[in-house]
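Numbering (the working numbering), first residue to last: 1432 to 1594.
Calculated from the structure, these hints are not laboratory results. Warning: the hint list may mix true and false statements.
Taking lysine-lysine and the PhoX-like style, the derived pairs with C-alpha atoms no more than 20 angstroms apart in a straight line are [stated by the list, open to error]:
{"#": "1", "residue 1": "Lys1514", "residue 2": "Lys1561"}
{"#": "2", "residue 1": "Lys1561", "residue 2": "Lys1510"}
{"#": "3", "residue 1": "Lys1510", "residue 2": "Lys1531"}
{"#": "4", "residue 1": "Lys1561", "residue 2": "Lys1531"}
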Amino acid sequence: SGLGAPSACTPNFGKLEGNFMPFVLTDCAMDGIRNFLQNIVKNDPYRAKECFRRRYQLSISQYYKGLPSSMVDEEEFCKSSEKFAEDYRRRGRCENNYIKPFLGDYHRFLESRGHLADPGPCYFDCCSVKLDGLNYPYQLMRYFAFDGKPCGPRKDQICVLSQ
1432 SGLGAPSACT
1442 PNFGKLEGNF
1452 MPFVLTDCAM
1462 DGIRNFLQNI
1472 VKNDPYRAKE
1482 CFRRRYQLSI
1492 SQYYKGLPSS
1502 MVDEEEFCKS
1512 SEKFAEDYRR
1522 RGRCENNYIK
1532 PFLGDYHRFL
1542 ESRGHLADPG
1552 PCYFDCCSVK
1562 LDGLNYPYQL
1572 MRYFAFDGKP
1582 CGPRKDQICV
1592 LSQ
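Please model the complete structure; the sequences and the hints are all you need to start from.
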């Protein structure tokens, strides 16, 4: 097996959980990853050194500009989401000016959907609106922010694993 994929498990045992549990791996997948990483250290020390030399930190610095938030735009992510119904064509971040008017008061909208009004800076909401005459039905998806998104009172920290 390659890249840590477990060889003794069925393919479904190697998957990540969906949306609100994106970092939960099955035991089988974790065993496969652990074995793969141990083999790198044992069989190729130079490669292991390159692989394990840096760790995430929660402060912003030049070393962490390569994290996903610098490569993936939340707005574009929302627009291209395949989780929305196909006929809900107006898509984007819920708080953007071309979506917000269709939702009414954004905070009342969130509360009516059973979501917390403010999940914190390490999350973002995508909305999709169906322009259907006088009615504007909508859909909402909440996602963890991508690692590296600035957060904290002075934006001097970053989100990692949605925290």
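If you test the structure against every hint from before, which numbers come out violated? Per hint list: zero violations.
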